[in-house]
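**Student:** Those protein sequences? They're chains A and B, same order as listed. Mapped onto this note's numbering, the consecutive letters of the first sequence carry residue numbers 1 to 348. Mapped onto this note's numbering, the consecutive letters of the second sequence carry residue numbers 1001 to 1254.
No lab work stands behind these hints: they were computed from the structure. Because the structure is a prediction, the values reported are computed rather than measured. Wrong hints could be hidden among the right ones.
To be verified - Covered, in the sense of this in silico footprint (three residues per stretch, anywhere, with C-beta under 8 Å from a C-beta of chain B), are these stretches of chain A:
(1) 27-33
(2) 107-115
To be verified - Have a look at the derived ranges for each label pair, beta carbon to beta carbon:
(3) 117/A to 1171/B: 19 to 29 Å
(4) 1107/B to 264/A: 35 to 45 Å
(5) 1183/B to 44/A: 24 to 34 Å
Stated by the list, open to error - Here are some chain A residues pointing at chain B (derived, C-beta under 8 Å):
(6) 49
(7) 259
(8) 260
(9) 327
C-beta atoms are modelled at their ideal positions from N, C-alpha and C, and glycine is treated no differently.
Chain by chain, the residues run as shown.
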Amino acid sequence: MRLRDLRKLLELTFALVCLWAAAYHTPAGALARRGWAWATHQKSSAPSLLAFYGGTEPEVADTWAQAPAPLLPPETGSSLPPGAPPLSERLALGYGVHAGLMALDAAARAPAREVAQRHGLSPSALEDATQGPHEAARLLETLAADFPSEDAAVVALLCGETPARYAQQRARAEGKRAELDALARALPPKFEAQVRQAKQALTLGTAYGLAWPVADSTRITSPFGERNHPLLGGVHLHTGVDLSVPEGTLVHATGAGTVRRASEDEVNGKVLILDHGHGVATAYCHNSELQVAGGEAVTRGQGISLSGNTGRSTGPHLHYQVMLAGRPVDPLRFRRVPLTADRGGGEP
Amino acid sequence: MPGSARDIRFRPPPPPQREGVFASLLSLVRWAVLPFGLVALVAVGVHAAADTVDDRLLLAVEGADAWLDRLLGTWDATRAFVDLIGPAERLWAARSLTLGWELVVDLLLAWPVITYRAPGSGSAGERRRVWAQVRARPSPMLVLRPLATAAVCLAGACAVAQMAQGTFYLSTLDVLGDAAGPLARGLAVAVLAGVLLSLGWRAVVGSFQDACDSVADSPSRKAALARGLWGSALSVPLAVAALLDASPVLAFFR
Chain A
1 MRLRDLRKLL ELTFALVCLW AAAYHTPAGA LARRGWAWAT HQKSSAPSLL AFYGGTEPEV
61 ADTWAQAPAP LLPPETGSSL PPGAPPLSER LALGYGVHAG LMALDAAARA PAREVAQRHG
121 LSPSALEDAT QGPHEAARLL ETLAADFPSE DAAVVALLCG ETPARYAQQR ARAEGKRAEL
181 DALARALPPK FEAQVRQAKQ ALTLGTAYGL AWPVADSTRI TSPFGERNHP LLGGVHLHTG
241 VDLSVPEGTL VHATGAGTVR RASEDEVNGK VLILDHGHGV ATAYCHNSEL QVAGGEAVTR
301 GQGISLSGNT GRSTGPHLHY QVMLAGRPVD PLRFRRVPLT ADRGGGEP
Chain B
1001 MPGSARDIRF RPPPPPQREG VFASLLSLVR WAVLPFGLVA LVAVGVHAAA DTVDDRLLLA
1061 VEGADAWLDR LLGTWDATRA FVDLIGPAER LWAARSLTLG WELVVDLLLA WPVITYRAPG
1121 SGSAGERRRV WAQVRARPSP MLVLRPLATA AVCLAGACAV AQMAQGTFYL STLDVLGDAA
1181 GPLARGLAVA VLAGVLLSLG WRAVVGSFQD ACDSVADSPS RKAALARGLW GSALSVPLAV
1241 AALLDASPVL AFFR
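Here chain B stands alone, though its shape is the one from the complex (with noise of 0.2 Å):
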């Protein structure tokens, strides 16, 4: 589709000019498992998130179920099923609910970074391309889902960083003494901006791409400034919970 974003899709490694043999296979390795690092950070964050919203869907289960048990309770016919819902249905269902939510979340932001390949030159003919498209059909879903990818993958470069920090902190201690919280604290740095570096972006970036790609589809304007807004009322809201409780980036400095 000329003109459209999907002109500067990821594109198949250029051919390979002379490489030695470790070249090579580090290329070929590379490319089959940065995929599943893309999926794996996004995982991550979204889990990173999603951590932290699961009291508060207990809260609203409870809530629902002090309604329901109020509604049922009303009838004698119905309040045998007051019963059926105990704590541990509860507290199944809240945990449930998030394990779902998340799964889902995991689907829409890691799906379309999964299918990522090297990108294109990003020139400027493809950039004024992508804009006139994006003119032509705007749409919520394309500052959203790069958006909820973005701030999920900042949470998960913190994760990731967190669990290098501690690991390679107390596997050093006794070597290193005092020197291995300074070093480990690097490390956690080195590891946040390389994940984002490396990974994160190329997330946003696949996931803009996707979103430039689904709203082409659209049939009109209008039903462009629908698209996807299922997915983004279930991811943005995760996002925002990554960004304010998941993503302690300051404390890598202190």
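Just chain A, same shape as in the assembly (with noise of 0.2 Å):
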């Protein structure tokens, strides 16, 4: 082979190599191969085009927004003060490893059977649908030590261990926190659906580790769901629940993060949204107080608002709001102690 060959060679390589990898890293990509997939009759395991910006697909929260029992069993003891968490933080990534294990296929589940093994942990307990949760945290504690982010322990649960540990090292050499989106890029597209599904378990992790606004005893006047409007009158669905709370009551951040939005409108009044990352967000309505600023980070159980009645209200009350890759869901799904809920119209 003469030399000009040997370069019209490597030209032509890496023109394909420029493919493959535009095949998996761009949304047009994706499209050429749902195209494909559509083609040749095959199951496409290209994400959705918006899916490419951000976490969780918003049509996975809508199946956990319309799913009709809560995931947490339910339990009964000390009620809660606000701002405390529910579940340990690795007990509530846990059942989102273990909601996350269970959407993959067996073979998908591979990785995390052997990872399972090699720490003495039964895999068949893993995928249990009781003890799961507390297997798949029990595991994530034990990875803690090699993987301290809690992403890259859910990547090395769902993934396996070398390519974790991998991923943690090239996302270090490029001066980068160990978090997923720089692990999955680091990762062969080979693990797209294992990365998927640790998408999703740090969503529902991130989630199930929020704590409550106020008291824990505070009565819920509205929850969520469909209901008949007290002001708008016809059926509107309540994006949140209402808290019974005097005005001038303190509300909590119910989890770390940062403050995307501290606005006021005659409609919600004054109102904060606090991102937690993972696509997991929540807002808290008809504040009469705002005490934190846009963009300013805050710590769970930080006081951020006092609860009023400023907006589009009839009395007093907070509207606590969380939202899942922007999907409003119920946010008693997310609460280890039921509470009593008066099904009646309620605050606006």
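Need the complex rebuilt from these two chains, each delivered in its own frame; the hints are there to steer you.
**Tutor:** Laid out in structure tokens, this is it:
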């Protein structure tokens, strides 16, 4: 082979490598893969176009929003102070990982089974509906020694320790934190399904770890779901829960995060939206005073506002809303302690 | 157009000399695949950059919605519209904006390179003619567009090299053991350099050629200055993001 031919061959190879990367790293590539799968009557593993920007796909969050029963087992016991998490962070993540794991097919669960076996845990217990979340939490605790960030630990559990260790090392080499996006970029395409489930696991794990913004025993005057709107009339989706608290009650951040929005309007009143990462956000409406500003970092349990009666409201209350991948979901689904809810028209 | 950049427009490959079947086939496949490879490189780079700005766009959408809610909430007649745009719509809008931005920049930067043909000789005479044209019709587009293309090509090459490194390392670790790490790193550096040398420069030259053609068509010097400003305004921020957040070149040596 002459030198010129060798050069052409190399150029061709690099062009093909770029096409391969584009198939997995661009929305256009995902579209092409979907087209190919459709043409060949196969199931496409390509994500939706908008899923390229951010965590869990909204369609997945829709299924969580529509699921009829709480995922967490109820617990009878003493009530929690405001801002206290209902589960330990590790167990919350364990629930998330278990849900993510169960969404994978048997072949894609192989790395997780292997990790469990290596650490002396029973792979079948990991998949058990009751024991699974606890086993996953135990495994995450074991993995924490090698994978300090929870993102890396989840990747290690779902993709296997070797790929996760490699991804973690690459993220460090880039000077980035071992967060899922950085880890996912370092992994080859064959881990696409596991990475997607890792995203969902982290979203659910973050949601399970959310505390309650006011005292645990606070009465819910209007639950999440379709209701007859007391002011507008007609059936509307109530996107959160209304908590009956007197004006001036301190509202606590239900999780660590960043203030994505601190604003006021005639409908929501003084409103705060906190971004907790991994596609989880919470909203607190009708406050009388906001104690944090946009862009500010908050810790779990930190006082962020005083409740009130501002905006479109018929009485003092706090409208608390949980959003997964932008979709409002019932905050009670992520509460461990069952709360009594009045099923009336309630506060707007 | 004598004296313009069109003179050094990519030319078709020279007529084949006495080549073997393999060489002819290779030339043909390369000729067919190379433009797609160039577009893929640009697309990967643009996406790597867009991926770093999506959170900032969500914040911007959130801010715009807060402003709109305040405005619409003022009057009874418009108050109902406040509920129309919820968190799901805001997220959708932010993601759609990012996707739209990415696709527009893809089009702006990849289109000029899709018509790639083998370059001309690049002789001193040709270079002088191009320089004369640039002086006659100076335009920011002549600098910004190739630079933006260069930035996204660098980000794209990094993403491609990262993918090659990860795939190689994790597929050969069992066989090669400890040697897999250094070999994978070497492969990544080779892919990074190879992609930039074989495709990256062509994309930049193609972009410059297209900018020259576009500016040459301007009716006046003033029109040439304003040529491509909107396109540059869209592509330059992503190019900056590509350079700052999506080009971990040094990481391949660590």
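**Student:** Which hint numbers does the structure go against, in order from smallest to largest?
**Tutor:** Of the numbered hints, 2, 7 do not hold.
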